[in-house]
Amino acid sequence: MSAGKDMVTWRALNAAMHQIMEDHPESFTLGEDITTWGTGGGTYGVTRGLLKKFGRERVMDTPISEEVLLSAVSAAASRGTRPILEIMYSDFSFLGFDGIINQAAKNRYMFGGQFDVPVTIRSNGGSGIGKAAQHSQSLETLFAHIPGLEVVVPGTPGDAYGLLRTAAASDNPTIFLEHKNQYYDRGPVGTEAIPFGQARIAREGKHATVVATQQILSYSLQAAEELAAEGIEVEVIDPRTLYPFDMDAVYASVGKTRHLVVGHEAVRDYGWGAEFVAQTVEAAWDKLDAAPVRVGGSRAPIPYAQVLEEAVIPSKDDIVAAVKRTLA
Amino acid sequence: MTEYQANEQGLAGLKLMAKIREFERRMPLLSEEGLIRGSTHPSLGMEAIAVGVSLALTDKDAIASTHRGHAHTLAKGADFGRTMAEILGRKDGYCGGKGGSMHIGVKELGVLGTNGIVGAGIGIATGAALASKQLGDGSVAVSYFGDGASNQGVLAEAFNLAAIWKLPVIFVLENNHYAQSASIDDMVAQPDLTKRGEAYGVPSFSGDGMNLEEVYGLATAAVERARAGEGPTLLVLETYRYLGHMAGDTEIYRTKEEVEAAKSNDPIETLLARLIEAGVITAEEWETTSKELFEEVEAAEQFARNSPYPDVSEAFTDVYAKGASA
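Chains A and B, in that order, are what the protein sequence lines are.
Mapped onto our numbering, the consecutive letters of the first sequence carry residue numbers 1356 to 1683.
Mapped onto our numbering, the consecutive letters of the second sequence carry residue numbers 265 to 590.
Don't take every hint at face value.
As the list claims (entries may be wrong) - Covered by chain B, according to a simulated footprint, are these stretches of chain A (three or more residues, beta-carbon under 8 Å):
(1) 1451-1459
(2) 1490-1501
(3) 1524-1532
(4) 1611-1619
Unchecked claim - Calculated lysine-lysine pairs in the BS3-like style (CA-CA distance at most 25 Å, straight line):
(5) Lys371(B) with Lys324(B)
(6) Lys459(B) with Lys324(B)
(7) Lys355(B) with Lys371(B)
(8) Lys371(B) with Lys1407(A)
(9) Lys1408(A) with Lys430(B)
(10) Lys1408(A) with Lys1486(A)
Simulated from the structure, these hints should not be mistaken for lab results.
All values derive from a computational prediction rather than experimental measurement.
Even for Gly, the Cβ is constructed at its ideal location relative to N, Cα and C.
Could you put together the complete structure from these sequences and hints?
If you want it as structure tokens, here you go:
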């Protein structure tokens, strides 16, 4: 992607939404408090200006009714529309898991490939701003486990823009998880869609590979800076999409560095990092000089107080320690 | 009451009901024979609802059905042979054998699936109605669900959403009095289920689900309302499930007498008697017609039995759209 102009994540997402609504006349967007809250763009600004430009027929505030909304947008997708539903916090999607998992994800398969289900569920996950246990979970692993779903975890403003364009154009149900502590991250944003299943090398290195997403990706880049000062060159890979995912990029990097660390904010145990480690061990054992190391959230809900919240989420120091452990 | 029933449309409805009954009558037999895996849920006795509602719809309209959904699917126009093939898990089934009895979808007929999750169709039909409104295609959507599903939370959300947005959806509540083995008398404190619609601003009507004409009349009015942009309607239709919840049901939760009493108001027998009385058909002609219908269903069954099982490779297709990484 050519570097475009600098933008914060929420503006990049907002720009993507405007483009999507123009590109796909059959698309519409809806969610709780998406047109009149704050400055008129929902909780984090992503839908700002859409109502004015596209009207109430295509930009709709909904009742607080996740269960019916998640199944309704899935069915609306199978009937020829391209809905984009905002779930204010991904934690709330639990109220409508039937619509996502039993209906949308299985629709194409159960009915023998008759139906496309081009629905995008936009939401946010992650910790860092004191939203506590029921507004801060990282649920990407749960969704990535379900056959039929695509799962997107953009880690930069540019990826947020490009991947949302692809999510909206996809004929599969797509879970698009923004990170609530990255809406004000600034970075270059291009004008093109970014295909799913293509990892990004966020930093090149030769001594160890760190695969990480979103907030842990940014901690990993900080860790890489620190380690570089000690002469350890870390290659940082952002998978960008957890399904489809790009193991080849991981194998190629490990072929170079021979060491692997996987980091995410989702609970470490049974997390997607375990999957990446397992696949690497199975397929590229000969490329590893040491056991891979996982870094992830603690097996605890996200607490409220800042000192506690920081204690359960991986830090830059945890990444540094993990890299050193695998290199030891 | 006689104008509708005493004509060819009434006769067409009678034939469709009888053909569906013959189809459904075979389900326990096929199940005992080991040809149906898992569970299958026949709907003998409930034919007038599926047929009466479907007569008010076109191919462009959508339905979201239930676990007990063969009749809804067939009444909407599905081929009997392909439907049977799906129930037997065969290649020629509508879903290539991937769906089975509880997951039959027919895109070109707007059949958005029978469904293994009780109450799920309520949200799905609401979504189909939302799509109709977005696309402006004038279609309506029907959600069939039972008295058991009426206790699912999605009903409250769907009724409210459909009412505030005036979505063209018709909620058809088939009150067959049992949710698996649970009697509605024990499961709701307010037996008048129309009140649930009224509470959310959904115009609600009750009717005799064993009477084809009554169902058709209520459905037609609801479809007209929906097409005119006036929003959703709830129809609470009284009916009865002659067989158990599924093949193998011991039915210890109800008496034989109760079942026999319900059969005295059989939708097919009652309509036949009226059509004979009105001179639309004679008893002898019906006997011939019945045999023809029987033979059509027999042919459908043979088609299904002769259809091969799907190729094993099909287990791994259609998880994702073609072209997407899967």
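Hint check results:
1. By the rule of at least three residues with a Cβ nearer than 8 Å to a Cβ of chain B, the coverage given for the region 1451-1459 of chain A holds, with 4 such residues.
2. Check result for the region 1490-1501 of chain A against chain B: violated, 0 residues qualifying (beta carbon to beta carbon below 8 Å, three or more required).
3. Counting residues of the region 1524-1532 of chain A whose CB lies closer than 8 Å to any CB of chain B gives 3, so the stated coverage by that chain holds, three being the minimum.
4. Against chain B, the region 1611-1619 of chain A contributes 0 residues with a C-beta closer than 8 Å to a partner C-beta. That does not satisfy the three-residue criterion, and the hint is violated.
5. For the proposed pair Lys371(B) and Lys324(B), the alpha carbon gap of about 10 Å is at most 25 Å, so the pair holds.
6. Distance check on the hinted pair: Lys459(B) and Lys324(B) sit about 30 Å apart at the alpha-carbon level, beyond 25 Å; violated.
7. This hinted pair checks out: Lys355(B) and Lys371(B) have alpha carbons roughly 17 Å apart, not beyond 25 Å.
8. At roughly 35 Å between alpha-carbon atoms, Lys371(B) and Lys1407(A) are farther apart than 25 Å, so this suggested pair is violated.
9. Of the supplied pair hints, the one linking Lys1408(A) and Lys430(B) holds, its CA atoms being roughly 23 Å apart against a limit of 25 Å.
10. Under the criterion of a C-alpha separation no larger than 25 Å, the hint pairing Lys1408(A) with Lys1486(A) is inconsistent with the structure, at around 32 Å.
Violated hints, listed in ascending order, are 2, 4, 6, 8 and 10; each of the other numbered hints is respected by the structure.
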